[in-house]
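If you want the building blocks of each chain, they are given just below.
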Amino acid sequence: VKAALLGATKGMGRALARQMAGRGDAVFLLGRDPDDLARSARDVEARAGRPEGTVAAAACDLERPETFAPALDAAEAALGGLDAVVVTAGLFATQDRLESDPDLARRLLTVDFANTVAFCEEARRRLLARGGGTLCVFSSVAGERGR
Amino acid sequence: MLSGWGRAPVVPGREVRSEDLARATSGLPLSRGLGRSYGDSSLPAHGDLAVASTTLADRILSFDEQSGVLRAEAGLALQELYRLFLPRGWFVPVTPGTQFVTLGGMVASDVHGKNHHRDGCFGAHVTELVLRVADGRIVTCSPTVERDLFRATVGGMGLTGHILEVAFRMVRVPSPWIATESVRVHDIDEFIAGLKQAGADGWPMTMGWIDCLSRGRRMGRGILMKGRWADPAEAPRRPPRPKRRITIPFDFPAFVLGPLTVRAFNTALYWQHLRRRRRAIVHPESFFYPLDILRAWNRMYGRRGLTQHQCVLPNEAGPGAARRFLEVLVSRGGASFLCVIKDCGPEGVGMLSFPRPGISIALDIAVRPETQALIDALNECVIKEGGRIYLAKDAFTRADHYQAMDPRVAEFQRVRRLWDPEGRLRSAQSERLLGDGPPREGRAP
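These protein sequence lines are chains A and B, in that order.
To convert a position in the first sequence, counted from 1, into my numbering, add 1381.
To convert a position in the second sequence, counted from 1, into my numbering, add 1124.
The set of hints was computed from the structure by calculation and includes no laboratory data.
Note that the structure is a prediction, hence the values are computed from the model and not measured.
Check the hints yourself; a few may be wrong.
Listed next, the in silico DMTMM-like pairs over lysine to aspartate or glutamate satisfying Cα-Cα at most 25 Å (straight line) [unchecked claim]: (1) B:LYS1508 x B:GLU1440; (2) A:LYS1391 x B:GLU1143; (3) A:LYS1383 x A:ASP1416; (4) A:LYS1383 x A:GLU1502; (5) A:LYS1383 x A:ASP1414; (6) A:LYS1391 x A:ASP1414; (7) A:LYS1391 x A:GLU1457; (8) A:LYS1391 x A:ASP1454; (9) A:LYS1391 x B:ASP1182; (10) A:LYS1391 x B:ASP1144; (11) B:LYS1320 x B:ASP1243; (12) A:LYS1391 x B:GLU1440; (13) B:LYS1367 x B:ASP1355; (14) B:LYS1320 x B:GLU1440; (15) A:LYS1391 x B:GLU1204.
Rough simulated footprint, nothing fancy, chain B against chain A, three-plus residues with beta-carbon under 8 Å [to be verified]: (16) 1383-1395; (17) 1409-1423; (18) 1427-1436.
Beta carbons: idealized from backbone N, C-alpha and C, even for Gly.
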């Protein structure tokens, strides 16, 4: 599988990148911080027993839609196409903070819903152009509650 | 609430967890890994309610197959190195008796293993550390750069700075299996002679289990174990399968590890080794991490928990020192479920590294009302013999006893104060043993 993972430097994205690389998949890491991405890429390589420089990464920020297309272009170029795009990135805030800070609530909805959908649209077009693929977005029960 | 592996003491506190360790440690007095130090070294001092948990900062940053140097974030667990690198023919140069420890913890405790007589402590193989020191700066130190800070950090129980990254040399192994030889020995004198002889014979790994309730001429009887990495020709062709683990589901009642059961267990362990000498090829986890097969084995000691007393009795004290130490234990009615003896080689690079040339004895002791008096008596014996204790295990030693054991404390404190003049970094253990109070000018930055 050739997979691009958005949110690959932390939490579930990090764990998924390690597991997929460990079973032989080609992974491309997407995240906000280039230095952090480079460290995660070295980690995935070392764990999978791959030479340094064989796992690539690009900056992509769910708060900056202009980064979506260049990041996915880079992933396609590095992997020779994409079979799967996975999103584990997102924002989280407690109910108390969201209720007391409307700007934060607006920002969270933009990142976790509107911009995630926009990113998925970029991914969908690329996957369909190759005849299909897997688009996987992680959510949370927190998203189902009336926050 | 937080506790070490011994579950005594239990103190108010919480862990701040983040993959970004440099940020998570900001303003906090201490870092904590997997919480496998037995006592209070990973616990916050009074008034400090939070410590930084390193366990999410677990990335391998580089591995050089030529030199064997691996660099990783401090929260990387030894279990991961074992899982990923042993199948590729690499292993850590020194391993403690559990794989559920982090690299940062291995440095802070300057852990030792069965090969100490030959390979020293873990710190001897560390090439570089990255720390977040008390004023917030990120500082790199090594055996040649900021040497004093490096030497104070190795074995410094996390009191010189938050360890962010560790670089060290892995070693190549010929196979993932261990060739062992075990010998039944009849008393403590034969035991010590056997340990020294095994080292002289070239066995890279040695240790022993002692029936510490045996008395008189049988005092210190037990099983001496020797090991080396098996050659490919003698090792099974298949890789070792991961061991299935059993979880201890609840706290055992106090009587389960009472004196009678401890005596029965120790006697059975001694006599199950019917032949005087046994040879075998064994699974690496069985050899290095026999207790890891039982998840939460500390629950066997009940709700009051356990402590471990581990000391080193120097060679200068003579061969009778270990017998005199065990006599104190037996005369006080101390019942140690497991008593482990090891041969220690030269002192480590760390200012407070535990081992020194001599014999190390480790006792697992269920916490009871009389435990403080027992530890006091054992420590008075250690002081008399010129030995010292291992801070990673300790929860009961008194400050005056500790300082009497280890004259190196003054130099350690001098370096520590150079890097942390306001005393921002501290732990429950440093409060107990080194007299740390609250920071002199408010809290951390």
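Notebook entry, point to check: Can you name, in rising order, the numbers of the hints this structure does not satisfy?
Noted result: Result: hint 12 breaks, nothing else.
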